Amino acid sequence: MALKSLSRASFFEMTAPISAAGSYANDLQRFWALRLHSKDELIEAGRDLARLDASYALSVQQNGELQAEVERLQALLKMPPLEHFRFEHARVAQRDFSGWWQRMIIRKGSDYGIPVGAPVVYSGGVVGRVSEVHAYTSVVQLTSDPGLRIAAVVDGDTRPISFQGALNQVFGAPRGAIEFVPLDVYASASVPKRLATSGLGGVYPPGLTIGRITHVESSEDGLFKRGEVELDPRLGELTEVTVLVPLDPSS
Amino acid sequence: MRGAVVLFLSVYLLRALVAEVNSALSGAHVWIFAGGLFLAYASLMATFRQGLAVAVLAGLLCDALAPVGFGTHAALFAVAHSLVYHFRERLQREETGVRVAVALLVNIGLFAALSFARIRVLPAVAAAWPRLLSDLLISEGAIVLVAPWFFALQASTLELARAPTERSL
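As given, the protein sequences belong to chains B and R, one line each in that order.
Sequential numbering of the first sequence, starting at 54, is according to this note's numbering.
Sequential numbering of the second sequence, starting at 300, is according to this note's numbering.
Heads up, a few of these hints could be off.
Unchecked claim - Chain B is faced by these chain R residues, among others (derived, beta-carbon under 7 angstroms):
1. 315
2. 319
3. 322
4. 359
5. 363
6. 369
7. 373
8. 417
9. 420
Unchecked claim - To give a feel for the contact side, a few chain B residues facing chain R, derived at Cβ under 8 angstroms:
10. 57
11. 71
12. 72
13. 154
14. 156
15. 233
16. 235
17. 289
18. 292
Unchecked claim - Far from chain R, by Cβ distances over 10 angstroms, these chain B residues were calculated:
19. 67
20. 200
21. 244
These are computed hints drawn from the structure, not numbers from a lab.
It should be emphasised that the depicted structure is a prediction, and the values quoted were computed from it without experimental measurement.
Every residue gets a Cβ at the ideal spot worked out from N, C-alpha and C, and that includes glycine.
Using the sequences plus the hints, can you model the full thing?
Below, the structure written as structure tokens:
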């Protein structure tokens with residue numbers, strides 16, 4: 054078994070420099086493309102960024118106050134503390150979207166303390182979880198991968214349902230499937246509902262967007278419903294993601 | 300053994316190129332599988348041992364990057380190599396067209412075998428086949444385009460490295 058793992062790791066590391074080199078070449082290409090922008094465009098972009106920065110600074114203050122209030126309430130109610138994470142931003146080196154699996158390789162591995170199983174997010178919500186960690190790279194299993202299951206909740210509801218990555222047809226948006234949906238939950242393509250992480254299972258923090266429920270129907274046994282989830286189309290084009298590294302290694 | 304190393308290095312290069320193309324096409328959910336192309340030339344032109352070494356190493360390379368049991372690709376590639384080697388004397392294997400046809404057929408066989416191995420993981424089996432078929436069709440198209448260049452590259456690198464295959468001995 055150890056020999057098998059060693060061989061697998063060795064063959065993976067053989068390919069890692071090529072994947073990383075391709076990614077660095079893309080970054081360089083983007084850098085020189087940006088260098089072609091005029092000074093006026095850069096000044097305009099800087100002004101926009103300054104505005105965004107100001108609004109984010111305000112949000113950080115509000116977030117700090119809310120965090121302090123949560124901690125006060127936790128202490129008052131003697132609740133176990135919420136899990137805390139360190140944000141590790143990583144560039145995407147390669148994406149692999151076959152009909153059998155959907156994964157991506159990121160340019161950070163055990164050298165940045167990335168653990169196996171760590172949740173990976175981006176501005177649109179959940180990307181997936183780290184499934185393999187190597188010396189300088191990690192493999193992320195995406196939410197659209199049929200092998201990934203997440204405990205989820207419908208927006209405004211606390212009852213957990215099961216989300217699984219599903220089939221991703223050519224030129225279509227990535228999709229997922231849900232099971233064990235309560236019978237009183239309704240959603241359609243015209244009135245979709247947001248699906249978010251439940252926080253159960255201990256991998257993903259609660260409230261992160263997974264996708265939009267666009268269809269639900271009764272399951273064969275009639276006890277629950279099942280349905281389809283439309284994931285963010287950007288999932289297949291991501292160039293940068295954030296790994297949530299738990300601060301408490303035991304968790 | 301030099302021949303096997305040279306052939307494996309060319310397969311390594313092709314796998315890297317295919318991975319880059321797949322990465323670029325990921326937004327459209329298009330995926331290319333070129334397993335048949337990895338081993339067609341080695342199976343047709345090299346000695347049995349050289350070809351087997353290339354097939355197993357190329358398989359292990361694919362296994363390391365895929366969420367399948369380590370050795371799955373290697374075993375499938377080894378079986379495919381043995382079959383092609385067994386039948387190759389009946390083929391006009393110097394012809395590029397024949398080599399491309401072998402690469403296409405082996406690719407279909409390997410893709411089908413991997414699909415059956417992975418199908419239990421998919422949530423809706425019936426709905427999976429259109430995607431798998433479209434991937435296979437696109438892969439076959441890509442192989443038709445790339446195979447002549449790749450076979451020429453393998454022949455040239457073997458010549459440069461002065462590594463004889465069975466045919467040149």
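Hint-by-hint comparison with the structure:
no.: 1; hint: 315; in the structure: 4 angstroms, holds
no.: 2; hint: 319; in the structure: 5 angstroms, holds
no.: 3; hint: 322; in the structure: 5 angstroms, holds
no.: 4; hint: 359; in the structure: 5 angstroms, holds
no.: 5; hint: 363; in the structure: 3 angstroms, holds
no.: 6; hint: 369; in the structure: 5 angstroms, holds
no.: 7; hint: 373; in the structure: 10 angstroms, violated
no.: 8; hint: 417; in the structure: 4 angstroms, holds
no.: 9; hint: 420; in the structure: 5 angstroms, holds
no.: 10; hint: 57; in the structure: 5 angstroms, holds
no.: 11; hint: 71; in the structure: 4 angstroms, holds
no.: 12; hint: 72; in the structure: 7 angstroms, holds
no.: 13; hint: 154; in the structure: 5 angstroms, holds
no.: 14; hint: 156; in the structure: 7 angstroms, holds
no.: 15; hint: 233; in the structure: 14 angstroms, violated
no.: 16; hint: 235; in the structure: 20 angstroms, violated
no.: 17; hint: 289; in the structure: 4 angstroms, holds
no.: 18; hint: 292; in the structure: 11 angstroms, violated
no.: 19; hint: 67; in the structure: 7 angstroms, violated
no.: 20; hint: 200; in the structure: 5 angstroms, violated
no.: 21; hint: 244; in the structure: 24 angstroms, holds
When held up to the earlier numbered hints, the structure conflicts with 7, 15, 16, 18, 19, 20 and fits the remainder.
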